[in-house]
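Protein chains: 2
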Amino acid sequence: MLLGPVLIRLNGTVAMRLFPTGSAHTAEELAEQTGDVGRHVILCGYGRVGQSLAHVLEGSGIACVGLDFDPNQVREARRAGNRVYYGDSGRREILLAAGIERARLVVVTFDDPPTALKILDHTRTLRPEMPVLVRARDEAHFEFLEQAGATEVVPETLEASLMLAAHAMLLLGEPASRVQHRIDQIRQERYRLLRDLAQADMPSGGLDR
Amino acid sequence: MLLGPVLIRLNGTVAMRLFPTGSAHTAEELAEQTGDVGRHVILCGYGRVGQSLAHVLEGSGIACVGLDFDPNQVREARRAGNRVYYGDSGRREILLAAGIERARLVVVTFDDPPTALKILDHTRTLRPEMPVLVRARDEAHFEFLEQAGATEVVPETLEASLMLAAHAMLLLGEPASRVQHRIDQIRQERYRLLRDLAQADMPSGGLDR
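Sequence lines, in order, name chains A and B. Each residue of the first sequence is one higher than the one before, starting from 3 at the first, in this note's numbering. Each residue of the second sequence is one higher than the one before, starting from 3 at the first, in this note's numbering.
Heads up, a few of these hints could be off.
[As the list claims (entries may be wrong)] Just so you have them, the derived chain A footprint on chain B, three or more residues with Cβ under 8 Å:
1. 55-66
2. 107-116
3. 124-137
4. 150-156
5. 161-167
6. 170-179
Just so you know, these hints were derived from the structure itself, not from any lab. Quick caveat, the model's predicted, so the values are computed rather than measured. Where is the CB? At the ideal position from N, CA and C, for every residue including glycine.
So here's chain A without its partners, still in its complex pose:
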């Protein structure tokens, strides 16, 4: 039990040798440490996207619990005061220990379709109604992830191209309102949730699950 915090201070190689499955925090330790959190978001992966996402969500008062199997990543993020634990989010017991039964949302922040599939599988069994957002490199695994139960798949190449397009149009003198409209339109075509919102012109809260 006491090894967890020690290992976090060790480098990745040593920790991975001792814990080849990548779970220096045992499920029990993790469960103890997250016992006080509820109605939170579980962030699977705490790299750049996970960290940036946690920053935005916590800035809006939404509690997050991060999981990552890179001990260096975890150590640094914990030093910065983030609630992130060393564990493989592809494992059922780790998701349970991270409080999936009390959580409101799971986000897969890394681009790794096989692990995303495991997380979707466990979540669909443990919490069939809970939404799961999945980051992906591009559209290649979109159908596969959606069929596995992803609420939405966010392809980073699409998002990069939309932000480049917005900047390009603004630099070329298109009115900001027209640029916004065009980008919104493309996002609404691509993302179901945004489309539903636009159609319903829903001002608030109706999607809280």
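Starting from the known structure of chain A, arrange chain B on it as the hints suggest.
Frame of chain A; chain B shown alone:
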């Protein structure tokens, strides 16, 4: 001269062996083929991001000329009716042949900082005032690219995390207007152009160069 179209039909390996610098379209051929285009956007790289960007821009009536040194990519995109040529956009003569002297904007759509640097260098010499947008994986090369003259650097991990954050907040019941405001705020902190627009509350056209 006649080899260009033939090579485009050959596979990449053969073409690269014959033209190790990656320019199956000679600069002369390219210049001939783009002679009728003006006030266009030069898209360096025509992978997923380049294609998606071209689609959005051309949908808004903005002419694009794409450059890519993957002959398969070029062949497929040309089949789909896109104006894209096989050439290394890191070379000065290829940028000239793509009409950089008549263009309005250059966008580096791949994540390859050394090549982006070459493009920035050539553009700063040939067209000191012309804006250049650069895609990047993350913030790691931001300063380096900005110092080299990038008008804006768009990091795809930031854009992915913002879209995940927007979806997460909407799914958790935050009002759409508040979500939009929060995401806009973060983008304005990060992107100079968006910040300027917000400060000036500029409705249109003022940035046309």
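Problem set entry | Structure versus earlier hints, numbers of those that do not hold, lowest first | Of the numbered hints, all hold.
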